[in-house]
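Asker: Sequence:
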Amino acid sequence: TASFGMLGDIIIAEPNAYIAFAGKRVIEQTLNKTIPEGSQVVEYLFHKGLFDPIVPRNPLKGVLSELVQLHGFFPLNQNSIK
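Residue numbers (the working numbering): 6 to 87.
Since the hints were made in silico from the structure, they are not lab data. Glycine included, C-beta positions come from ideal geometry on N, C-alpha and C. Treat the hints with caution; some may be incorrect.
For each label pair, taking beta carbons as the anchor points, the in silico distance ranges come out as [said to hold, decoys possible]: (1) Glu33 - Leu75: 34 to 44 angstroms; (2) Pro64 - Glu33: 27 to 37 angstroms; (3) Asp14 - Thr39: 16 to 26 angstroms.
All chains should be built: construct the whole structure from the sequences, respecting the hints.
Answerer: Encoded structure:
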């Protein structure tokens with residue numbers, strides 16, 4: 006998650022994805038405390054508000070297409086609109 010992927014206005018994740026900068030053991034040793042089991046799984050993080058929808062890979066193309074249409078995507082350069 007230490008990337009540009011988490012900077013979007015709408016963040017979509019796949020089911021059962023594992024999202025973490027470091028593994029559970031490394032985090033526990035660094036912080037010197039236990040973290041909840043499954044705390045790095047998308048479904049857990051979704052309930053904490055980290056992601057918007059969780060979308061399986063097969064319908065992902067359609068969901069992205071709908072989002073682009075919903076937001077009225079236009080080129081940034083107005084001169085290129087003809």
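Asker: Against the structure, test the hints numbered earlier, and report the numbers of the ones violated in rising order.
Answerer: 3
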